[in-house]
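Each residue of the sequence shown is one higher than the last, beginning at 0 in numbering that gives the first Met the number 0.
No lab work stands behind these hints, which were simulated from the structure alone.
Any given hint could turn out to be false.
[As the list claims (entries may be wrong)] Cut-off 30 Å, straight-line C-alpha distance, at most; resulting in silico cross-link-like pairs (BS3-like, lysine-lysine):
#, residue 1, residue 2
1, Lys251, Lys189
2, Lys338, Lys258
3, Lys654, Lys266
4, Lys413, Lys338
5, Lys764, Lys707
[Claimed, not checked] Distance ranges between label pairs, derived from CB positions:
#, residue 1, residue 2, range
6, Ala140, Ala653, 49 to 57 Å
7, Gln206, Ala140, 18 to 26 Å
8, Ala60, Arg573, 35 to 43 Å
9, Asp534, Ile93, 57 to 65 Å
10, Leu34, Pro570, 56 to 64 Å
11, Arg573, Asp335, 41 to 49 Å
12, Pro815, Ile93, 29 to 37 Å
For each residue, glycine too, the CB sits at the ideal point set by N, CA and C.
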Amino acid sequence: MKRVRRFHPATLITAIVFALFGGATLLGGIWLVHLGGSPYYLSAGVITLLVAFLLLFHSRAAVPLYALLLIGTAAWSVWEVHLDWWQLLPRLDIWFALGLWLLLPWPRRGLNRRYLHETARGTGGGFLFVALLIVAAVGVAGALHKDHDVRGDLPMDEVAGPQGDRALRPDADWTGYGSSPYGQRYSPLKQITPDNVGQLKVAWKIQTGDLPGPDDPTETTDENTPIKIGDTVYLCTPHSRVIAVDAATGQKRWEFDPKLQSPVGFKHWEHMTCRGVSYHDDAKYAAAVPAPASTTALPATSATVASAPTAIAASTCPRRLFLPTADARLIALDADTGKPCDDFGDHGTVNLRTNIGPFTPGGYYSTSPPAVTKDLVIIGGHVTDNESTNEPSGVIRAYDVHDGHLVWNWDPGKPDDTAPIGPDGVYTRNSPNVWSVFSVDENLGILYLPMGNQTPDQFGGGRTPTSEKFGAGIVALDIATGKVKWNYQFTHHDLWDMDVGGQPTLMDLQTADGMKPAVIASTKQGSIYVLDRRDGTPIVPIREVPRPQGAVPGDHTAPTQPLSDLNFAPPDVREKDMWGTTPLDQLWCRVRFRSLRYDGMFTPPSEQGSLVFPGNFGVFDWGGVSVDPSRQLMLINPSYMAFQSRLIPKDVLAKMEVGPAKSETEGVKKAEGIPYGIELSPFLSPLGIPCQAPPWGYVAGVDLRTGKMMWRHKNGTIVDSAPLPIPMPLGVPSLGGMLTTAGGVTFLSGTLDYYLRGYDVRTGKKLFEARLPAGGQATPMSYADSTGRQYILVTAGGHGSLGTKQGDWVIAYTLP
């Protein structure tokens, strides 16, 4: 019987797959070349289509041609990204997989032969095998190459010097959001060490019962760092509830619910957040004495001491907590019972809506705990970004800590008039605000404010001179009067939402000129500014650097921006830094990158769309930095995530259906009062993966005496953020700060994966890892109970806009 010549099905299927993949690559490659990008994808698409054509026409030339493409792709990949494994992966993975398939005998059985029973010999399999070996060798070399970590040791010798905040902070306690008014996120406890931290076990855990409901905003976030006073831990929940628990057992002692009110519910609020409560103790202030003289004297200062000594008034609550609520109240609570302090304000409450003027429900309140001094409780407030030019004032108000009367107010719109406003007055609308945590040096009598800017954030036309002066920097106020002592701006004419999000950190810093009182300000743009906290003089040099120009009509850009010598900003991103899981989504990101305006950091917003890198979450956000003041060390968790912004002309916006934005950092905002709407989003691929290459997050250690980063390690996995739960250690972003202990261990819980991790302060080596039941986007804290046992405490409640799993857990760890 005559044999029939026909094509093998596996070869046909292979040809179709190659044609589809090559066609998609070719189309994207043409678009990329049109935008001025790499010609590789166009070439690879053409070759892949030719391979598919040769397969369809039974030509054995298909296999060696594909082998040449593999070798060329490997060479191009190494030329672009060297031996960076995670960048090599999307350049090689699909090509390698297709090559493995083509190496099998079945796809090659139809190549230049007459009958189906013949083998696939002589079809170029050997050459293809060599090409696959070359690609595999490149991959193995990349996997073995550690391109991003910095290895070294921090010095662990202690430096004698002043400890200005210790008089009011027992070592066993954690008395404020950042451990103390100095905001150091440091515990002097030493029981937990690198040798035993791996033995940490859960001591107790509780659930608060405060979970996001269907009527809550997307950005319901649990960013709370509890405080610990005596034998009690105090925490607040997203709905502004306060819970007091036994520090050793977690047993609830009392709970206070302010019963939040909103005339329209909470669904369309931008935020639902409580970062913490503050504490005041009459007896501690009465007993406080000046700190003993240091063996290393600080230079003399002319600053006045805040709050001249007076007799402390009799109080119904000698130990009180201050709670800022999400419906714009400030409530004083008895720390022992949880009941409102009747002598403060109106039966325990000060109405923060007073003199503010109209605002959308949820559009003004303090997300952060107030600053507390001997005589005052001082508070600011958040406003909704990009909503309009008629938002509430950024006023800072100081109330008497006992009776709640207004002592002074600093309005950035009227900075010289700090006398209490009259009953019918309204603070300057839309002046720069402070939504983060203040720091206090009562010895110098100075309050340090991390300033935001005047909203809208991406358009600065029409901003007032005072807004331009005080936005996006540190403002130092006299505690007693509210008068400005000095200010230093870190972003001029901010068009990128570069609020100073982290609490300023105060420490006494050893310099070549002796010990100096410093304030350390971490910023979204990645510079860490170190200033003399008495007068704002830079301790670490700061340069003015030219930046991109060319704002939209009606706006302008500053010709230069400050740059600190202590700088952790990323290098400018390039097309070859685009990433993906496959060549196709990486190609999409390359095309998108070339479609956006990008001239480097501080590229102005545009109608075309601009790439913002670092993005809105910044290199450092509200987590700030942690320091070991005794060893002069700084521990940081920088993140590197790009965003994209677009200004939409109002006539175009009018034709769009604009619903509520997902959060302040994602969605379209109408931005009433300016000629544009504003669209913001993370720079992600269609698969929801960042378009720029990892690592996206690190932990790092800095010697502050030299300003040198001694170690850096990528940190975290994508196990909780990728479609498949694979714990690939890419290094992921984090929200929340680090905790450092005198025992030589530093902790972080804020990564996108749900873990509390502990690291050796000296080397940065990971020594401890505990799985959390939800996202840990908060700063851990540490304390000791009455027996001296040290605990590490973390809140695991998740972060709505970041997309981490939400929960209501508070977990304490201790040694067995």
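Going down the list of hints, with the structure as the test:
1. Proximity of Lys251 to Lys189 is assessed by CA-CA distance (about 27 Å); at most 30 Å being required, the pair is judged to hold.
2. Only pairs whose Cα atoms come within 30 Å are accepted, and Lys338 paired with Lys258 is accepted, the gap being roughly 14 Å.
3. Among the hinted pairs, Lys654 with Lys266 is consistent with the structure: their alpha-carbon atoms are about 25 Å apart, no more than 30 Å.
4. Note on Lys413 and Lys338: the hinted pairing is violated, with a Cα-Cα distance of about 37 Å set against a maximum of 30 Å.
5. The suggested pairing of Lys764 with Lys707 holds, with an alpha-carbon distance near 18 Å, which does not exceed 30 Å.
6. Between Ala140 and Ala653 the C-beta distance comes to about 55 Å, which sits within the given range of 49 to 57 Å.
7. In this structure, Gln206 and Ala140 break the distance hint of 18 to 26 Å, their C-beta atoms being roughly 48 Å apart.
8. Between Ala60 and Arg573 the CB atoms are about 36 Å apart, so this pair conforms to the stated range of 35 to 43 Å.
9. Here the CB-CB span from Asp534 to Ile93 is close to 59 Å, well matched to the stated 57 to 65 Å.
10. Under the hint 56 to 64 Å, the C-beta atoms of Leu34 and Pro570, about 22 Å apart, miss the expected range.
11. Our hint of 41 to 49 Å for Arg573 and Asp335 is violated, since their Cβ atoms are close to 59 Å apart.
12. For the pair Pro815 and Ile93, the beta carbons lie near 49 Å from each other, so the given range of 29 to 37 Å is not met.
Hint violations for this structure: numbers 4, 7, 10, 11 and 12, all remaining hints satisfied.
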